[in-house]
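The sequence shown begins at 0 in numbering that gives the first Met the number 0 and counts up by one.
Because the hints were derived from the structure by calculation, they are not lab data. Be aware that a few hints might be false.
[Claimed, not checked] Derived DEER-like restraints, expressed as beta-carbon distance ranges: (1) G29 x I71: 32 to 38 Å; (2) R75 x D40: 16 to 22 Å; (3) Q69 x L21: 23 to 29 Å.
We put the CB at the ideal spot given by N, CA and C, even for glycine.
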Amino acid sequence: MRIALVITELHPGGAEKCFVNLACYLHYRGHQVGVWQMWPDPPPERRLLTQQLDEQGIVWRSGGARSAWQFIRATRWLRGELLAFEPDVTQAFLFHASVAASLAYRRFPKRLSGRLFGGARVAQPERWRQRLQRWAT
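Hey, can you work out the whole structure from these sequences and the hints?
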């Protein structure tokens with residue numbers, strides 16, 4: 000199965016570690032796994048998780064978004080990446096990645112046949128984030 004995993008960023012943290020562990024496990028089980036992060040690559044001293052992906056032979060890419068103003072560009076980038084990868088399933092992690100993946104899927108529902116899954120790991124305190132996440136998932 001072709002599985003796309005999308006996350007906001009790959010700087011070491013709890014959700015990010017779970018994300019990388021999932022990618023490694025799915026790869027170990029024989030699935031074709033692709034990893035995308037919305038932010039730029041972590042700095043060299045914080046590349047523990049990307050090194051783990053490299054060691055397992057899992058391809059990962061970065062959208063390079065450095066601010067909320069670059070979100071639309073990063074969403075377009077993600078849409079193109081997913082179209083090229085043609086996943087059977089896409090799982091999005093964390094707020095920005097979940098919204099971006101949802102927007103990417105809404106822009107090409109007839110061209111991308113895979114299923115999109117996302118989830119709320121952290122309760123969003125801001126109302127606008129709650130509404131946006133509810134709309135996107």
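Now the hints, each set against the structure:
The beta-carbon spacing between G29 and I71, approximately 36 Å, falls within the hinted interval of 32 to 38 Å. A hinted range of 16 to 22 Å for the beta carbons of R75 and D40 is consistent with their spacing of about 19 Å. At roughly 26 Å, the beta carbons of Q69 and L21 sit within the given window of 23 to 29 Å.
In this structure, none of the earlier numbered hints is contradicted; all agree with it.
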